[in-house]
Structure formats: structure tokens, C-alpha cells
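Peer 1: Listed below, chain by chain, are the residues.
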Amino acid sequence: MTGNRQLLSDTLAAAKAEGRSALIAYLPAGFPTVEGGIDAVKAAFDGGADVVEVGLPHSDPVLDGPVIQTADDIALRGGVKIADVMRTVREAHEATGRPVLVMTYWNPIDRYGVERFTAELAEAGGAGCILPDLPVQESALWREHAEKHDLATVFVVAPSSQDARLAEITEAGSGFVYAASLMGVTGTRASVGEQAQELVRRTRATTDLPVCVGLGVSNRAQAAEVAGFADGVIVGSAFVQRMLDAGDDADARREAVRALAADLAEGVRGRA
Amino acid sequence: MSSQFFVPDPEGHVPTAAGYFGSFGGKFIPEALVAAVDEVAVEYDKAKADPEFARELDDLLVHYTGRPSSLTEVPRFAEHAGGARVFLKREDLNHTGSHKINNVLGQALLTRRMGKTRVIAETGAGQHGVATATACALFGLDCTIYMGEVDTERQALNVARMRMLGAEVVAVKSGSRTLKDAINEAFRDWVANVDNTHYLFGTVAGPHPFPAMVRDFHRVIGVEARRQILEAAGRLPDAAVACVGGGSNAIGLFHAFIPDEGVRLVGCEPAGHGLETGEHAATLTVGEPGILHGSRSYVLQDEEGQITEPYSISAGLDYPGIGPEHAYLKDSGRGEYRAVTDDAAMQALRLLSRTEGIIPAIESAHALAGALEVGRELGPEGLIVVNLSGRGDKDMDTAARYFGLYDADASVAADQAGDGAEIEGDAK
Chain A
1 MTGNRQLLSD TLAAAKAEGR SALIAYLPAG FPTVEGGIDA VKAAFDGGAD VVEVGLPHSD
61 PVLDGPVIQT ADDIALRGGV KIADVMRTVR EAHEATGRPV LVMTYWNPID RYGVERFTAE
121 LAEAGGAGCI LPDLPVQESA LWREHAEKHD LATVFVVAPS SQDARLAEIT EAGSGFVYAA
181 SLMGVTGTRA SVGEQAQELV RRTRATTDLP VCVGLGVSNR AQAAEVAGFA DGVIVGSAFV
241 QRMLDAGDDA DARREAVRAL AADLAEGVRG RA
Chain B
1 MSSQFFVPDP EGHVPTAAGY FGSFGGKFIP EALVAAVDEV AVEYDKAKAD PEFARELDDL
61 LVHYTGRPSS LTEVPRFAEH AGGARVFLKR EDLNHTGSHK INNVLGQALL TRRMGKTRVI
121 AETGAGQHGV ATATACALFG LDCTIYMGEV DTERQALNVA RMRMLGAEVV AVKSGSRTLK
181 DAINEAFRDW VANVDNTHYL FGTVAGPHPF PAMVRDFHRV IGVEARRQIL EAAGRLPDAA
241 VACVGGGSNA IGLFHAFIPD EGVRLVGCEP AGHGLETGEH AATLTVGEPG ILHGSRSYVL
301 QDEEGQITEP YSISAGLDYP GIGPEHAYLK DSGRGEYRAV TDDAAMQALR LLSRTEGIIP
361 AIESAHALAG ALEVGRELGP EGLIVVNLSG RGDKDMDTAA RYFGLYDADA SVAADQAGDG
421 AEIEGDAK
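If you're matching them up, the sequences are chains A and B in order.
Per the UniProt record's numbering, the very first residue in the first sequence carries number 1; after that it's consecutive.
Per the UniProt record's numbering, the very first residue in the second sequence carries number 1; after that it's consecutive.
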């Protein structure tokens, strides 16, 4: 069984061919339950997300703000396991045929075993991984196994990344490049700064990979703004916040996710 | 190098260019921090080669910190250590009351060289936080200290000290609300404020170059102790003993003795309520290799790589990670690590207080308890140097509750009747 790296590239290319940005949603597995997490991913696709990143919760999410920390905490207290993350990927992909990535920190994969993890992710229909605390210099082992299983390695670039380093990172990456819109952790922000546009411009100068922007984007207007200069718009905390706000009602949570995805889908089509 | 007190590793043991000690170390950090961490490495290399940096740091270490710190023989305490001779390296006598100031002054100078105006730091027991707040006051830097909420409660005195010194203290409420979570929160701050902020990391863990740099700033402990024990006892010790949380005071003591193969390097980890209870922070004893806070080392974790919550009565040792050079020393067999329970540490704390008139920090008391064991193993011919990494003032509330010192009740009376023999029995 091979991973769906190609499906990811095709999906992003199709969005570009339509003259729009892609919408990429982030949702943590196991939040608020494994079933609820799977429902949320499906709802995001239903609302118009092109790609979903499934979070593998970690006990020490140093790059996440309070919203995703809260979700990770709930998921871990609920006993979420890597097998549940794989199941989330599988069910979401099988139900929609769309690309599903995993986003997590390096230690869970290191501990689980890189070969075992990549084989299982490919088998589940996953498209690749985003590993924000695994810098390119430490990534050789991961990339060897990801390559073997046709999984994309999406690296994060930051406004502080120098041009030479951007070239090094994009050379090693595949699928797309995750451009962090600002210097900070995940969470919604009032505005997405000019830094993002400048970073996208500098990144594009080094690669033909699509460049997608994340961190801080939470609403349709921001999505439309980012869609004006990026190949994709990544939204995470805003989805999680909507789910937290919806409380215990499973239908309300699903609808909250679907509605936000639908709204953002308008945004990535330039309709602010 | 003409510098007497800033004594970075002259040769060997330097990590690889990628920051590895054997298979441990490295740089597992978000891209947003890569430029800042690289800048620290470049600036530190420049500083190391600059005689002016060494001169400035030496001057501070002598006239501000009070180096060299004493080496004190403790014969009444040593009676309980199988008759071995025991000497304490008195880092508790440094300004601010612990070894932490050695590293802090070095990094504060570096902060100034990098042109940064704000410093953040994590703290467990508050000793690193107090030292950092002190240096920030001295250098006129803005200072924010992250401290787990559990620790702000058990080390309230140090919270007040930091605030008195002008620092902002943030009580961290996530996770286990202890040192590891304080570090997570400091990293989050650094990512957002890296332009003007230096993360003044307090131990020999974290991404390269912190493990090697922080070690270099603490190497003076062992360099002095080695010279002092040769003067006082005419020979090298059989063992150098230190407590291990992240591992900074231990690596500081051990490092100058690494080439001396006859000197056992003994690190004492917190066994908390006992290894069998699962409530401990004995990372090297029961942990497995993994990545935490930017480097690969031993980590307390479950089978899926989730970090498990540590426990120790000592806030400064309550950490599920360990510096990568200790992991390397353990795997190479050069270092030996043993676990000391809360109870054994507290008995050693009381024993040193009552036999020598020195109240140690609970962290350092773990090393003292380890030294009692090592002394009994060595017998009367033994010679031991223990790093007394900090003084116990900050721990008086914990100790008073543990020993029942607050109320003039029966337990106090019974406690006061206790003599050394009883204490020794308790320590077993």
C-alpha cells in the first residue's frame, strides 16, 4: 500500500487550476472523542475543505496556543492512541477520497518507530506528515521512510528563515510548504500581517511547491486576504474553538465545523 | 586560557557540530527558533574566543558571585557515611544561594552582546529564576520568569524574591504545572518574541548549543573542587556526587574529573515516593531515549511517546528529562546514576543541618543522601566530594511541614529528641 502524496499534489494543483487557493483544515484526533474527531474531519470536508491535517495529540505541544492545548489535553485524557489517529485518517479518507495528513511532534513518531509509523500511515491512506519540531537537519531518517511509502514531508518555514535556509528546506520538502504567517504559536489573531505575504514571495523564489499559509487565520475575510497571495489557507484553532463552543451536542459540533469550512471555502475563492 | 573562572571545555567532550554527544543531543526545534538558536551558538563561539568576555565574566564571578566557593570538610556528617571523608563544594555560598548564578551571568553577558533587551527563563525551585532576575536587575534587562503553578506554591519565597528583583513571574497552569510545563511556556514566549528576547535556559538540556554552553559556564565548579581537594586531602576523590534534575550542577562538578578515571561520577536522581510507585523523576534510571525540549536524551515517557508526569518533593529535580551529556555519560559507563527517595533526601537534609550547621536545598540533599550510601560502600578510606548546589532557605516551608516544625506539638518534641543515630537509621 502506498501513501497518497500524489493525491495531495493533484488536489492542490486542481485548486490552482480553478484560480483559487486551497482550504486546509486542522483537527486533532480524539477530540472530543475518537468518533467525534472523525465526524469533525468529515464535516470539514463536507463544508469544503480540500485537505485535512489530523493532529496527533502530544503531552507537550510547545508550538500550540491555549486552544489546541485544551483539545490535546481532552484527547489525551480520553486515552487517544496512535491507532486512533490512523483510524481517523483512514475513515476520513475513505469517506471522501480526499487527502489527509498527520501533524504532530517528533517524539511520538520516534518512540513508535519511524518505519512502523510511515507504513501504517500509508496503509491508512494518509498523504504525508507535518512535523514542526523536526528541522530539516534532523529529518533524514524520517524522509527516507516517508519517501519509501509515498508520503509527503511538509516543512514549516517562518518569517525568520533566511533565504538560503528557505532553499534548503524547500529542496527537502514535498507536497507543499507550510508558511507560518507570523512568529508565534497556533491560535487565532485579529490580523494576518504583511510578514506572511513577504515570506510566501521569498519561499516561491526557491521552489515550485505550493506555498500554504497557516497560523492566525480564523475567518472568511482573513482567508480571502491570504488567498490573494498564497496557494493554500490553513485553519486550525478556529475550528477547535467552534467545537469547544458547541459543547456536548455532537450535531451542533458537526454543524459548527461544516459551517466554518463552508464560510472559509468562500474566502479561499476570493469572496470576502 | 588565562581566565580563572570562565573555564570552557578545553578539548574533548565538545559535542559534534550538530550538537551530539554520542547519539544524544541535537536540535529539535521549530523553524521559527532556528535563526535565534544559531545566533546563540555563533555569539557564544565568538565570546569564548574573546579575552574581554572572559575578563568581564571572571570579574563578575569574583566580585559579584564570590568565587571561588569554599570546599568544606564535614566530619560530623561523615560519621554517618561509613567513616569516609566528605567534602562539600559550597555552591550554596554563591550570591543568590545556588550554582545557577554561574550560568546566568555568562548568558546575561551574551544577551547584551546580542543586543537583546529582554530575557525569559523557566524555573523549578526558583533558584534559576532568582539568579536570572538578579542578573537582569544588574544588567538592566526586562525579565519574565515562567514557573509551574505547583512550584510557585511550594517555593513561594523565591517567587517573592524574583518579584522584589523586578521580574514578572508567570504561574504556568498547563500539564503537570511544574518545570517541564514552565519550559513549554517559555518556548512559546520565545517563538513570539525572539527579535528582542533571549531565552536564558537554566540547565544542560535544550537544543544545541545550550547543553555545552551551560556546562561550560558551570565547569568552574569542578575545576575549583579538583584543585581544592588536591590541596586539602592530597589526592583525587574516589567519588564526585551531585543531584541531577536537568543536570547542570552535576555536569559542572563532574566535568573536570572526567579524565580522572579513578573518580566515580555519581548522579543522584529523585526517586520521589519510590521507583515502584511510579511517582518519581528518575529519568536516567527508568526513562527511555526520546526527544523533549529540543534534544534527544533519556525521557520519562509512555510507549507512544507521551511524556509522563514526574514527581519529586524537590521542585528543582521534578523534571522528566535530562541533559544529553548525562545520557552519554551513562551509556558510556563513565557516569553512574542512582535514585534517592524523598524520605532519604529529607533525612539527609536534617542530618547535615544538625551535624554541621548547614541547611541544604532539598535538591542538594539528594546528593547528600547519595553520598551517605557511597561512603558506606567505600568505607573509612573513602574520599568524597559532594556538590552542595544550593542553600535550603527556600525549602523551609516544605521542610517544616515534613518534619512538623511549625507547631510546638508532640511531634516536634519527639523530633528534637532525635539524635544522629536515629537519623542515620531513618536514612536507610
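These are calculated hints, taken from the structure and not from any lab test.
Predicted model only: the values in this text are computed from it and were never measured.
Even glycine gets a Cβ: it sits at the ideal position worked out from N, Cα and C.
Worth double-checking, as some hints may not be accurate.
So the derived list for chain B, only partly shown, Cβ under 7 Å to chain A, looks like this [said to hold, decoys possible]:
| id | residue |
| --- | --- |
| 1 | Asp38 |
| 2 | Ala41 |
| 3 | Pro75 |
| 4 | Ala171 |
| 5 | Ser174 |
| 6 | Ser176 |
| 7 | Val191 |
Derived pair list, reagent style SDA-like, types lysine to any residue, alpha-carbon separation capped at 25 Å [claimed, not checked]:
| id | chain 1 | residue 1 | chain 2 | residue 2 |
| --- | --- | --- | --- | --- |
| 8 | B | Lys46 | A | Ala164 |
| 9 | B | Lys173 | A | Arg189 |
| 10 | B | Lys46 | A | Thr2 |
| 11 | A | Lys81 | B | Lys46 |
| 12 | A | Lys81 | B | Lys48 |
| 13 | A | Lys81 | B | Glu304 |
| 14 | B | Lys173 | A | Ile74 |
| 15 | A | Lys81 | B | Gly175 |
| 16 | B | Lys173 | A | Ser160 |
| 17 | B | Lys173 | A | Gly184 |
| 18 | B | Lys173 | A | Ala164 |
| 19 | A | Lys81 | B | Pro289 |
| 20 | B | Lys46 | A | Ile74 |
| 21 | B | Lys48 | B | Pro10 |
| 22 | A | Lys81 | B | Pro10 |
| 23 | B | Lys173 | A | Pro66 |
Peer 1: Would you mind marking each hint as holding or not holding in the structure?
Peer 2: Verification of the hints:
A cut of 7 Å between beta carbons decides the hint on aspartate 38 of chain B: the least distance to chain A is about 9 Å, and the hint is violated. At about 13 Å, the closest approach between the beta carbon of alanine 41 of chain B and any beta carbon in chain A exceeds 7 Å, and the interface hint on this residue is violated. The interface hint given for proline 75 of chain B is violated, since its Cβ lies 45 Å from the closest Cβ of chain A, which is over the 7 Å cut-off. Given the 7 Å rule on beta carbons, the hint for alanine 171 of chain B is violated: about 14 Å separates it from the nearest Cβ of chain A.
Among the interface hints, the one on serine 174 of chain B holds; its C-beta lies about 6 Å from the nearest C-beta in chain A, closer than the 7 Å criterion. For the restraint placing serine 176 of chain B at the interface with chain A, the shortest Cβ-Cβ distance is roughly 9 Å, beyond the 7 Å limit, so the hint is violated. Nearest Cβ of chain A to the Cβ of valine 191 of chain B: about 6 Å, under the 7 Å cut. The hint holds. The suggested pairing of lysine 46 of chain B with alanine 164 of chain A holds, with an alpha-carbon distance near 22 Å, which does not exceed 25 Å.
Restraint check for lysine 173 of chain B and arginine 189 of chain A: satisfied, since their Cα atoms lie roughly 22 Å apart, inside the 25 Å limit. This hinted pair does not check out: lysine 46 of chain B and threonine 2 of chain A have alpha carbons roughly 49 Å apart, beyond 25 Å. Distance check on the hinted pair: lysine 81 of chain A and lysine 46 of chain B sit about 46 Å apart at the alpha-carbon level, beyond 25 Å; violated. Note on lysine 81 of chain A and lysine 48 of chain B: the hinted pairing is violated, with a Cα-Cα distance of about 46 Å set against a maximum of 25 Å.
Taking the CA atoms of lysine 81 of chain A and glutamate 304 of chain B, the gap is near 7 Å; set against the 25 Å cutoff, the hint holds. Restraint check for lysine 173 of chain B and isoleucine 74 of chain A: satisfied, since their Cα atoms lie roughly 15 Å apart, inside the 25 Å limit. With a C-alpha separation of about 18 Å, the suggested pair lysine 81 of chain A and glycine 175 of chain B falls inside the 25 Å cut-off, and the hint holds. At roughly 29 Å between alpha-carbon atoms, lysine 173 of chain B and serine 160 of chain A are farther apart than 25 Å, so this suggested pair is violated.
Note on lysine 173 of chain B and glycine 184 of chain A: the hinted pairing holds, with a Cα-Cα distance of about 19 Å set against a maximum of 25 Å. Simply put, lysine 173 of chain B and alanine 164 of chain A have alpha-carbon atoms about 39 Å apart, too far for the 25 Å limit, and the pair is violated. The suggested pairing of lysine 81 of chain A with proline 289 of chain B holds, with an alpha-carbon distance near 20 Å, which does not exceed 25 Å. Our distance criterion of 25 Å between C-alpha atoms is broken by lysine 46 of chain B and isoleucine 74 of chain A, whose separation comes to about 46 Å.
A C-alpha spacing of about 11 Å is found between lysine 48 of chain B and proline 10 of chain B, which places the hinted pair at or below 25 Å, so the restraint holds. Between the alpha carbons of lysine 81 of chain A and proline 10 of chain B the distance comes to roughly 47 Å, so the proposed pair goes past 25 Å and is violated. As the CA atoms of lysine 173 of chain B and proline 66 of chain A are separated by approximately 11 Å, the hinted pair is consistent with the 25 Å bound.
Hint check: violations occur at hints 1, 2, 3, 4, 6, 10, 11, 12, 16, 18, 20, 22; the rest are consistent with the structure.
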